[in-house]
Amino acid sequence: EAAVTQSPRSKVAVTGGKVTLSCHQTNNHDYMYWYRQDTGHGLRLIHYSYVADSTEKGDIPDGYKASRPSQENFSLILELASLSQTAVYFCASSVAGANYAEQFFGPGTRLTVL
Amino acid sequence: GDSVTQTEGPVTLSEGTSLTVNCSYETKQYPTLFWYVQYPGEGPQLLFKVPKANEKGSSRGFEATYNKEATSFHLQKASVQESDSAVYYCALSDHNNNRIFFGDGTQLVVKP
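For the protein sequence lines, the chains are A and B, in the order given.
Okay, so the first sequence: first residue is 965 according to my numbering, each after it adds one.
Okay, so the second sequence: first residue is -10 according to my numbering, each after it adds one.
Everything labelled a hint here was simulated from the structure, so no lab data went into it.
Model, not experiment: these values are computed from the prediction.
Any given hint might turn out to be false.
Think about it this way: if two alpha-carbon atoms lie no more than 27 Å apart in a straight line, the pair counts; the simulated BS3-like pairs of lysine-lysine are [what the hints assert, rightly or not]:
{"#": "1", "chain 1": "A", "residue 1": "K1021", "chain 2": "B", "residue 2": "K66"}
{"#": "2", "chain 1": "B", "residue 1": "K41", "chain 2": "B", "residue 2": "K17"}
{"#": "3", "chain 1": "B", "residue 1": "K38", "chain 2": "A", "residue 2": "K1021"}
Take these sequences, add in the hints, and give me the full structure.
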């Protein structure tokens, strides 16, 4: 029933390895977002997308890539994981074009890079 | 650019006491203002939103008034409960590109 799901829910990765975080939404929303959450920094936007096969950079895109193969799916890719990318990652979705649109969040993925 | 500043946490209260979390914002447009709540182990969820200046939003006993003149949106609750323990985020919308700008969050700890 959950409208935004993320997988995996937690992951341990090695420095220099490749990590892919996946997000799936059943809200039929055009917009999807990836945020990272660190203590003391709140939610910071990494990448977002408003249509399939297109992505946009957010505020902290360095070291991350994103992929939107369909309206429902949005992935975050760390090609060379680093210690500094240890964080909790959230995916969200929202409708397009409404000036009061809220974002609906997934449960998060806890990533630990060793 | 757009930004949100809110009370730095953690805020620790006893059950039954009142809560105020301050939120101030900066923007050149006319945003919608939001309060989100995040319980442990979950993603943030909308508490309530207010799209128009001088209007009040409320949910679950929490309320906030969109004060355009003071650029503020302070969260208040008259009597907190242990179940209110969570992180609270103040946020504003950017209508140009469907973005929401979040404050750093305020952790609330309510002791029985």
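(message) Hint by hint, where does the structure go against what was stated? Just the numbers, ascending.
(response) When the structure is compared with the hints, only number 1 turns out to be violated.
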